[in-house]
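Asker: Please take these sequences and the hints and turn them into a complete structure.
From first to last, the protein sequence lines are chains G and U.
Using the working numbering, you'd call the opening residue of the first sequence number 1 and step up by one each time.
Using the working numbering, you'd call the opening residue of the second sequence number 269 and step up by one each time.
These aren't lab readings, by the way, just hints derived from the structure by calculation.
A hint or two may mislead.
Subject to a maximum C-alpha distance of 20 angstroms in a straight line, what follows is the list of computed EDC-like cross-link-like pairs (lysine to aspartate or glutamate) [to be verified]:
#	chain 1	residue 1	chain 2	residue 2
1	G	K235	G	D46
2	G	K119	U	E341
3	G	K235	G	E38
4	U	K286	G	D46
5	U	K286	G	E81
6	G	K235	G	E217
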Amino acid sequence: MSGIAGTFMVMAIIPLILILLYLLIQGISSISPSVFVELPPPPMVDGGGFGNAILGTVIMVSIATLISVPIGVLAAIFLSEYSGGQLANWIRFATNVLSGVPSIIIGVFVYGAIVLSFKTYSAWAGGFALSILMLPIIVRTTEEALKLIPQEVRQASVGIGANDFQTILFVVLPAAIPAILTGVTLAIARAAGDTASLMFTALFTQFWPNWENKLAEPTASLAVLVFNFAIVPFKNQQQLAWAAAFILVLLVLLTSVISRLATSKRQF
Amino acid sequence: MTSISEQTRIGSRPPVEKTADTVFRWAAIISALAIAGFLIWIVLQIFIQALPAITQFGLGFLFKSTWNPVRNEYGILTPIYGTIVSSIIALLISVPIGLGVAIVLSEDYLPTKIQTILVFLVELLAAIPSVVYGLWGIFVLIPFLRGITPLRGPGMLPAALILSVMILPTISAIARDALINVDVGLRQAGVGLGATRWETILWIVLPTASSGIIGGIMLALGRALGETMAVTMLIGNSNQLNLSIFQPSNTISSLLANQFAEASGLQVSALMYAAFVLAVITLAVNMLAQVVVTQLQKI
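Answerer: Here you go:
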């Protein structure tokens with residue numbers, strides 16, 4: 001039996017190693033400085049890159065972060081600092097359920113709520129979709145970070161005359177910042193790699209994000225680029241898909257390692 | 269010059285601080301409610317947009333396998349079948365493997381350091397973007413499977429295999445938590461009665477942890493049912509009902525992924541209906557899983 005369990009352990013790790021290995025081989029050979037600054041090439045034309053997709057991903061993830069971090073952190077503050085009652089349990093339940101909603105459903109929802117209302121695909125719709133994806137991750141990690149702060153710290157703060165608002169904002173929150181940032185980083189990595197929620201909210205484009213039109217146009221992203229270029233028969237575009245996938249996984253790897261290191265140290 | 273006692277006199281709090289306190293409290297409450305609000309908004313929005321198709325096709329939508337945008341006839345029997353079958357195959361593969369992983373990583377087989385690294389690696393499987401799994405599946409897994417099976421291209425088998433890899437971390441992580449939480453006393457009692465390690469695991473530890481394990485499996489099922497990109501890239505997106513796992517098939521999520529951007533009119537509403545069905549199924553599975561896992565935490 002121990003042998004079988006050990007075999008299963010090895011079987012679980014093999015796909016990871018194979019995927020990382022292929023990404024490394026294909027990714028490194030496809031990456032050159034030009035992929036970061038040039039536009040996607042037409043089929044069968046060598047060169048080109050995905051500068052617009054990188055910029056698009058950065059823009060949409062930034063929008064998503066700006067929406068989800070304030071809401072997520074405040075919600076977590078409510079859960080950990082204000083309420084221990086039944087409402088908090090319901091909110092926790094809703095958070096967990098929200099994190100289980102498939103990203104394609106979020107994409108369909110944002111299509112109905114934003115894209116149809118404004119009659120255009122946009123970076124805003126994409127960013128909004130990603131923010132819903134990030135929200136539960138941020139709430140959960142922030143709540144856990146806040147719970148790690150010992151009760152004595154709060155009592156000390158209240159003891160010298162601070163009210164709730166001051167205690168939370170100037171004492172508890174600063175102490176939890178490293179762990180919260182870790183959660184935000186994880187959420188960003190998750191959002192950057194998500195494709196299904198962007199496919200019909202931000203769509204894709206061969207061009208740079210259009211600032212003059214206030215980003216209210218289809219916007220390229222790395223994740224959708226991987227999908228679009230993986231299913232075409234053209235070698236040059238497939239190579240770019242590998243390069244983009246390599247960058248996405250590198251981002252995931254880095255954030256995972258950093259979050260491991262950051263959470264291993266505790267302030268209290 | 270004011271005296272010290274006057275400087276430190278405790279007066280009432282300045283109104284600014286009081287207002288800030290109230291505003292902050294309400295901001296926190298509203299943000300928390302917003303999460304539940306999003307959930308309700310998602311379901312309602314999709315339902316409203318699906319309404320034209322729901323009134324037109326009724327429940328027959330779920331049992332018809334035609335998908336014809338030209339004649340505006342829609343049914344999602346094939347995608348429903350594909351969604352369920354791909355998820356079940358994925359579970360059949362990843363439940364035993366995930367449990368094996370959870371046992372290895374919760375028993376004392378390995379030094380703690382190696383255990384931590386392995387836990388990290390398994391977690392990493394969950395962090396790799398779905399679209400990257402799809403890319404790898406297209407260029408590595410499908411060519412490999414074509415060499416050893418009757419598979420001719422995309423199909424149910426590669427999609428289900430990739431799904432099983434993607435949901436494995438969910439199962440193993442939650443099962444491991446459940447196994448670790450089993451009271452050491454129970455384990456010692458087993459060993460004290462002369463049970464071997466595996467007798468203890470099989471007859472004492474696993475049954476005690478079963479509700480956590482089942483919760484983990486259900487969360488994994490929820491993820492498998494809604495998983496989109498990797499499946500879309502590997503399953504072949506054929507709307508014909510095929511019983512063979514070597515043939516192309518379709519899932520609700522891949523139907524959405526393939527058709528949404530180009531749909532118009534009633535087709536959008538039909539797709540919204542499909543999305544509504546998927547949302548209801550995954551929400552139900554997820555809520556049930558949450559309840560099971562929460563029950564476990566109370567014990």
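Asker: CA of K119 of chain G to CA of E341 of chain U, is that 20 angstroms or under?
Answerer: With a Cα-Cα distance of about 26 angstroms, the restraint between K119 of chain G and E341 of chain U is violated, given a limit of 20 angstroms.
Asker: Holds or violated: K235 of chain G with E217 of chain G, Cα cutoff 20 angstroms?
Answerer: violated (28 angstroms)
Asker: With the threshold set at 20 angstroms, check whether the alpha-carbon distance from K286 of chain U to D46 of chain G stays at or below it.
Answerer: With a Cα-Cα distance of about 64 angstroms, the restraint between K286 of chain U and D46 of chain G is violated, given a limit of 20 angstroms.
Asker: Compare the distance between the alpha carbons of K235 of chain G and E38 of chain G with 20 angstroms, and conclude whether the hinted pair is satisfied.
Answerer: holds (18 angstroms)
Asker: Taking only the CA atoms, is the gap from K286 of chain U to E81 of chain G under or equal to 20 angstroms?
Answerer: holds (17 angstroms)
Asker: Hey, K235 of chain G versus D46 of chain G, does the alpha-carbon distance stay inside 20 angstroms?
Answerer: The given pair, whose Cα atoms are some 9 angstroms apart, holds under the 20 angstroms limit.
Violated hints, in rising order: 2, 4, 6; the structure is consistent with all others.
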